[in-house]
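*Asks:* Model the full structure from these sequences, guided by the hints.
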Amino acid sequence: MKKMNQLGWVLMLLCIVCSSCVRKQHRPAPDVSHISVSPVRIDRFDQALTSLDTAHLHQALAQLYQQYPAFMPVYFEQIMNYGPYSDTNHLLFEEVRAMLRSKDIHGLQDTINKHFPDLRWLEKQLREGFRYLKYYFPQYAIPRVVTFYSGLNNFGAVTVDTVLGIGLDMFLGENYPFYLQVSDPYPAYMLHQFAPEYIVPDCFKVIEQQMYPPAQEGTLLDMMVQAGKQLYFLDAVLPDAPDSVKIGFTQKQLDWCTQNERMIWQYFIQNNLLYVRDMQQILHYVGPGPSTQGMPKEAPGNIGSWVGWQIVRKYMDDHPQVTLPELMQMHDAQQLLTDARYRP
6 MKKMNQLGWV
16 LMLLCIVCSS
26 CVRKQHRPAP
36 DVSHISVSPV
46 RIDRFDQALT
56 SLDTAHLHQA
66 LAQLYQQYPA
76 FMPVYFEQIM
86 NYGPYSDTNH
96 LLFEEVRAML
106 RSKDIHGLQD
116 TINKHFPDLR
126 WLEKQLREGF
136 RYLKYYFPQY
146 AIPRVVTFYS
156 GLNNFGAVTV
166 DTVLGIGLDM
176 FLGENYPFYL
186 QVSDPYPAYM
196 LHQFAPEYIV
206 PDCFKVIEQQ
216 MYPPAQEGTL
226 LDMMVQAGKQ
236 LYFLDAVLPD
246 APDSVKIGFT
256 QKQLDWCTQN
266 ERMIWQYFIQ
276 NNLLYVRDMQ
286 QILHYVGPGP
296 STQGMPKEAP
306 GNIGSWVGWQ
316 IVRKYMDDHP
326 QVTLPELMQM
336 HDAQQLLTDA
346 RYRP
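The working numbering applies: residue 6 is where the sequence shown begins, and numbers increase by one.
Bear in mind the hints are in silico, worked out from the structure with no lab data behind them.
Since the structure is predicted, the reported quantities are computational estimates derived from the model, not experimental observations.
Check the hints yourself; a few may be wrong.
Simulated DEER-style distance windows between Cβ atoms [as the list claims (entries may be wrong)]: (1) Pro-78 with Ser-41: 53 to 63 Å; (2) Pro-89 with Pro-44: 50 to 60 Å; (3) Ala-146 with Gln-298: 41 to 51 Å; (4) Asp-166 with Leu-288: 24 to 34 Å.
Restricting the straight-line Cα-Cα distance to at most 25 Å, the calculated cross-link-like pairs of lysine to any residue (SDA-like) are [to be verified]: (5) Lys-139 with Tyr-194; (6) Lys-129 with Arg-106; (7) Lys-257 with Tyr-194; (8) Lys-302 with Ser-249.
Just so it is clear, CB atoms sit at the ideal spot from N, CA and C, and this is done for glycine as well.
*Replies:* So, in structure tokens, the structure goes:
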């Protein structure tokens, strides 16, 4: 792959006029005041689990299962990796008993309780997001919302059938010291995303992925547009959320992308990157990272997703008749790019 050296970026900058011009505002948020959505009630699975009586664990877990029949088996098997839940899985019961008797888990739960003593603010924000979601998708069934902890195993939000789960231990703030002390420490460039303001966007990202499961292969352009559609989905259902939070950039990184949009696009074009299919190479541009290989150090990782977002926004600006459900059903990234006439 050809790489542009620093001089190349400087020459490109000199050739660009008004590269920081602001594109017209994307679609305004619709009036959803008439959309009826029941109040959201968040059930604290994390607190219920931590308070179980370990001396009578079989009976306690059976009662907890009655309260969380859809979520609890998935939690133990897929999130905690304890194996399938059943009355005869003695290994699981020993794993759960050891966890509940651990000082670390009780310390984590105490920290969660201190950081999130009241979740009414979160219930309100989720309800507003669901209101917009019902506006665009009237048949969507609002999920039950539960909270859990994964032992800092990076499960921020998950969907399980008709349940939305929120891993509160992944939103304790970037200064929470144990993010850097787990067996596989989280990189510093990710830590700003472990804050409460990311909870709602993360919830609606997994909802979008449940509604429209992402493709696992394709060209870089396919992956960019796929990511752009997800971010536009967040534009629609969370119109008041900052762009930086939707994509996980710092404001400084987002500003750099906006100011250098044309340079970024020309990098992809001049290096013939849009149609590469090697997933390892693709992940350099649509995966997390401290920066983007081959670009200036200011370029954040996941910059390809940001470009895909701008392509989709341009397409929707130019096609006001296209609805959000219609956009989400589009699978031809090349045609969408052509119709968007994206030329920053």
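*Asks:* Which of the numbered hints above does this structure break?
*Replies:* Result: hints 1, 2, 5, 6 break, sorted rising.
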